[in-house]
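K.L.:
Each chain, written out:
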Amino acid sequence: MRSADPARARILPAALRTLLGAIALAGTAVTPIAAAAADLAAGKAAAGACAVCHGANGVSAMTGVPSLAGQTDAFLEWQLVYFRSGARRSDAMDPVAAKLSDADIRNLGAWFASLSPPAPPAGALDGARMAAGVKVIEKYRCGSCHQRNFAGLDQAARIASQREDYLEKSLGDFKSGTRRGGGAAGAMPDVAFPMTHEEIGAVAYYLSRHP
Amino acid sequence: MAVALGVLIFASAPAIAADQLIHYDSSNKAFWDHPPADWFMGDENTAQKGEDYRLTSGPATGISGDELAANLKKIKLPKHFHISVYADHVLSARQMAWGDKGTLFVGSFSLGVVYAITDHGGKREVKTILKGLTMPTGLAFRDGTLYVGDVSKILAYPDAENHLDQMPAPKVVYDDLPSYGPHGWKYLAFDAHGWVYTAIGPPCNECLPPTSTAQVRRINPATGQAEIVALGVRNSVGGDVDPRSGDYWFTENARDWLADDKPSDKLEHITRMGQHFGFPYCHQGDIPDPVYAMGHRCSEFSPPAALLGAHVAPLGMKFYTGKQFPRVYRNNIFIAEHGSWNRHSYKGGRIVRIVTDPQGKDLTQVVFAEGWIQGPTTYIGRPADLIVAKDGSLLVADDFSGAILQISYKK
Numbered sequence: 004m005r006s007a008d009p010a011r012a013r014i015l016p017a018a019l020r021t022l023l024g025a026i027a028l029a030g031t032a033v034t035p036i037a038a039a040a041a042d043l044a045a046g047k048a049a050a051g052a053c054a055v056c057h058g059a060n061g062v063s064a065m066t067g068v069p070s071l072a073g074q075t076d077a078f079l080e081w082q083l084v085y086f087r088s089g090a091r092r093s094d095a096m097d098p099v100a101a102k103l104s105d106a107d108i109r110n111l112g113a114w115f116a117s118l119s120p121p122a123p124p125a126g127a128l129d130g131a132r133m134a135a136g137v138k139v140i141e142k143y144r145c146g147s148c149h150q151r152n153f154a155g156l157d158q159a160a161r162i163a164s165q166r167e168d169y170l171e172k173s174l175g176d177f178k179s180g181t182r183r184g185g186g187a188a189g190a191m192p193d194v195a196f197p198m199t200h201e202e203i204g205a206v207a208y209y210l211s212r213h214p
Numbered sequence: 139m140a141v142a143l144g145v146l147i148f149a150s151a152p153a154i155a156a157d158q159l160i161h162y163d164s165s166n167k168a169f170w171d172h173p174p175a176d177w178f179m180g181d182e183n184t185a186q187k188g189e190d191y192r193l194t195s196g197p198a199t200g201i202s203g204d205e206l207a208a209n210l211k212k213i214k215l216p217k218h219f220h221i222s223v224y225a226d227h228v229l230s231a232r233q234m235a236w237g238d239k240g241t242l243f244v245g246s247f248s249l250g251v252v253y254a255i256t257d258h259g260g261k262r263e264v265k266t267i268l269k270g271l272t273m274p275t276g277l278a279f280r281d282g283t284l285y286v287g288d289v290s291k292i293l294a295y296p297d298a299e300n301h302l303d304q305m306p307a308p309k310v311v312y313d314d315l316p317s318y319g320p321h322g323w324k325y326l327a328f329d330a331h332g333w334v335y336t337a338i339g340p341p342c343n344e345c346l347p348p349t350s351t352a353q354v355r356r357i358n359p360a361t362g363q364a365e366i367v368a369l370g371v372r373n374s375v376g377g378d379v380d381p382r383s384g385d386y387w388f389t390e391n392a393r394d395w396l397a398d399d400k401p402s403d404k405l406e407h408i409t410r411m412g413q414h415f416g417f418p419y420c421h422q423g424d425i426p427d428p429v430y431a432m433g434h435r436c437s438e439f440s441p442p443a444a445l446l447g448a449h450v451a452p453l454g455m456k457f458y459t460g461k462q463f464p465r466v467y468r469n470n471i472f473i474a475e476h477g478s479w480n481r482h483s484y485k486g487g488r489i490v491r492i493v494t495d496p497q498g499k500d501l502t503q504v505v506f507a508e509g510w511i512q513g514p515t516t517y518i519g520r521p522a523d524l525i526v527a528k529d530g531s532l533l534v535a536d537d538f539s540g541a542i543l544q545i546s547y548k549k
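As given, the protein sequences belong to chains A and R, one line each in that order.
Just so you know, we're using this note's numbering here: the first sequence kicks off at 4 and counts up by one.
Just so you know, we're using this note's numbering here: the second sequence kicks off at 139 and counts up by one.
Since the hints were derived computationally from the structure, they do not count as laboratory data.
All figures in this text were calculated on a predicted structure; none of them were measured in a lab.
Quick reminder that beta carbons are idealized off the backbone N, C-alpha and C, glycines included.
Careful, some of the hints might be misleading.
Said to hold, decoys possible - Chain R side only, calculated, beta carbon under 10 Å to chain A, not exhaustive: (1) P174; (2) R192; (3) A198; (4) F247; (5) L271; (6) T409.
Claimed, not checked - List time: in silico EDC-like cross-link candidates among lysine to aspartate or glutamate, alpha-carbon distance up to 20 Å: (7) R:K239 to R:D303; (8) R:K269 to A:D94; (9) R:K187 to R:D398; (10) A:K142 to R:D181; (11) A:K138 to R:E182; (12) A:K142 to R:E182; (13) R:K167 to A:D94; (14) R:K269 to R:E299; (15) A:K142 to R:D176.
To be verified - Every beta carbon over 12 Å from chain A, so not counted as near; a handful from chain R, in silico: (16) E182; (17) K214; (18) T266; (19) D281; (20) K309; (21) H331; (22) R355; (23) Q413; (24) Y419; (25) L445; (26) V466; (27) N470; (28) A527.
Use the sequences and the hints to build the structure in full.
P.N.:
Here you go:
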């Protein structure tokens, strides 16, 4: 009924290039959204408390806890605002976010965004699993909001090189309806709902290994 | 051998697992909770979307103080009109409603909160009075009760203004609304007889809408009665009752992904119950949908009262009933245009003024306030709703800045 979307076709070669380890895609040049200036030093200081769970330099070593390093500034800030407003719930984050001022949120967002994203896990890539991940990405059009290199942009999250278990957990939470609400992420429960557990596993394997 | 080969061939044919099938069956709950994803994502195309698409929303912590004041200097208004900050730190601000005692209630989109802004001798306090709702964009106030649209139901909070510190448990006054997110957010507008008008948007960009969607309904919370007043309506998040005629007028966002300059968003005027405004068959009164027209002609449907332009995203609207603005503004329609999210260079992001008689004849439109778009795809604010204040000034909810702005007339 609808013609194929050329955007979907383009994801495949890009993903394959990554699979072969050839070239990392160039990031998108972005002009920042107008906002009050952030204080990086203050962000670094405030981030000390985050390290307990999210790891030193924003690289998480804890199961089920996301890495924050290299995440987009706007996404980080929006999630903190959602935790603070009650639109997104987490037993761990609710009490932390409740105490954050607008300035804290801007500083933390800028700080974690300034850090280098986590390196993909060491070890040989399973080509079949990577190819399965590419299929899922095409089917659900992940690159449509998260960008073709999955580095995210503005409030669309960076999902490349995120912890595999966390990617599985968040997609599972969206699928079950445990996680909902929050801006454009309002679309994620509907995107994740028809995903099978195998598909979630495949896309998590792929993205966690995408630099 | 032949049998074995046959089995082999059968087994290697492309088999689709049952859980891979896309379901369009609206007879189950899952359909209403999670409409098929290709309905709201499926029509995107790279030509219209660009290669590296970016979502549009403001800074998470809003724009306030000096930065907001500096932005307002860029807003162009007619002579003798002035714009100022009424209240900031109202993140994600959407529809506004006045309480009887002067409380300004404000809904929100993604934050799921409702605010109450109270005025203490010119010093305004912004209080979050409700949390954890689902896209409570629409709200209305009548006879002491605050009504909030919570996607699948309309909630009533009696005696709200006396309980701002601890809101009472809500009563559900209407729940015959779908639960899905896409186009599930509401706008509420009461008429003089106690009917509240709201639209039920289809869960798609362009599709044959599921039964009982793509409508405007009116609901009487006192009796629980509901009526369908208009059909063929896509995404309407703004409307008001003409104080002269009692007719309901509403804004409507047209389908996406056709082109930068078509189809036009619309202003509609309901002149009889059950009118059909064309969706999904016909857009802007004269463009049959390339796929979904399916033999229908545009002449079958009620024509728009006004074409507002493609991708301008008209949201909240109000008839001007105040006395502060010059007399020619009385009963004019002001429309808040939220602005584009998927046009190559943004349009809208302004307030438009419509001058019309109650019949919709001799209708003219002019831009009233603009300047929220600075550069091809740069917002400094996005008008989402309007309301007339007691002193006759016009308040603007700006969900990008997270602020309520005030436009006043003073010679």
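K.L.:
Hints first: check each against the structure and report whether it holds.
P.N.:
So, going through the hints one by one against the coordinates:
Interface hint at P174 of chain R: satisfied, since its Cβ lies 8 Å from the closest Cβ of chain A, which is below the 10 Å cut-off. Residue-level restraint check for R192 of chain R holds (minimum Cβ-Cβ distance to chain A is 5 Å; threshold 10 Å). Because the smallest distance between the Cβ of A198 of chain R and any Cβ of chain A comes to about 4 Å, under 10 Å, the interface hint for this residue holds. Given the 10 Å rule on beta carbons, the hint for F247 of chain R holds: about 8 Å separates it from the nearest Cβ of chain A.
Taking 10 Å as the C-beta cut-off, the interface hint given for L271 of chain R holds, the closest approach to chain A being about 9 Å. At about 35 Å, the closest approach between the beta carbon of T409 of chain R and any beta carbon in chain A exceeds 10 Å, and the interface hint on this residue is violated. About 15 Å separates the Cα atoms of K239 of chain R and D303 of chain R, which keeps this hinted pair within 20 Å; it holds. For the hint linking K269 of chain R to D94 of chain A, the alpha-carbon distance of about 16 Å falls within 20 Å, and the restraint holds.
Using a Cα cut-off of 20 Å, the hinted pair K187 of chain R and D398 of chain R holds, with the two alpha carbons roughly 10 Å apart. Distance check on the hinted pair: K142 of chain A and D181 of chain R sit about 14 Å apart at the alpha-carbon level, within 20 Å; holds. Between the alpha carbons of K138 of chain A and E182 of chain R the distance comes to roughly 19 Å, so the proposed pair stays at or under 20 Å and holds. Taking the CA atoms of K142 of chain A and E182 of chain R, the gap is near 14 Å; set against the 20 Å cutoff, the hint holds.
Annotation: proposed proximity of K167 of chain R to D94 of chain A is violated, straight-line Cα distance about 29 Å (limit 20 Å). With a CA separation close to 17 Å, the supplied pair K269 of chain R and E299 of chain R stays within the 20 Å bound. A hinted pair counts as satisfied when its Cα atoms are at most 20 Å apart, and K142 of chain A with D176 of chain R qualifies at roughly 10 Å. A beta-carbon of chain A comes within 12 Å of the beta-carbon of E182 of chain R; the shortest separation is about 6 Å.
Distance check for K214 of chain R against chain A: the nearest CB is about 18 Å away, which clears 12 Å, and the non-interface claim stands. The claim that T266 of chain R lies off the interface is violated: its Cβ sits roughly 7 Å from the closest Cβ of chain A, which falls inside the 12 Å cut-off. A cut-off of 12 Å between C-beta atoms confirms that D281 of chain R is not in contact with chain A; the least separation is 29 Å. With 12 Å as the threshold on Cβ separation, the claim that K309 of chain R sits away from chain A holds: the shortest Cβ distance comes to roughly 21 Å.
Once the 12 Å rule is applied to beta carbons, H331 of chain R is consistent with being away from chain A; the minimum gap is 34 Å. The beta carbon of R355 of chain R is kept farther than 12 Å from every beta carbon of chain A, the shortest such distance being approximately 23 Å. Consistency note on Q413 of chain R: stated as away from chain A, and its beta-carbon is indeed over 12 Å from all of that chain's, at 28 Å minimum. With a least beta-carbon separation of about 16 Å from chain A, Y419 of chain R lies farther than 12 Å from that chain, consistent with its non-interface assignment.
Listed as outside the interface, L445 of chain R is consistent with that label: its C-beta sits roughly 27 Å from the nearest C-beta of chain A, beyond the 12 Å cut-off. V466 of chain R, annotated as away from the interface, keeps every beta carbon of chain A farther than 12 Å; the closest lies near 35 Å. Look at N470 of chain R: its CB is around 31 Å from the nearest CB on chain A, clear of 12 Å, so calling it non-interface holds up. At roughly 26 Å from the closest C-beta of chain A, the C-beta of A527 of chain R stays outside 12 Å, upholding its exclusion from the interface.
Consistency note: the structure conflicts with the earlier hints numbered 6, 13, 16 and 18.
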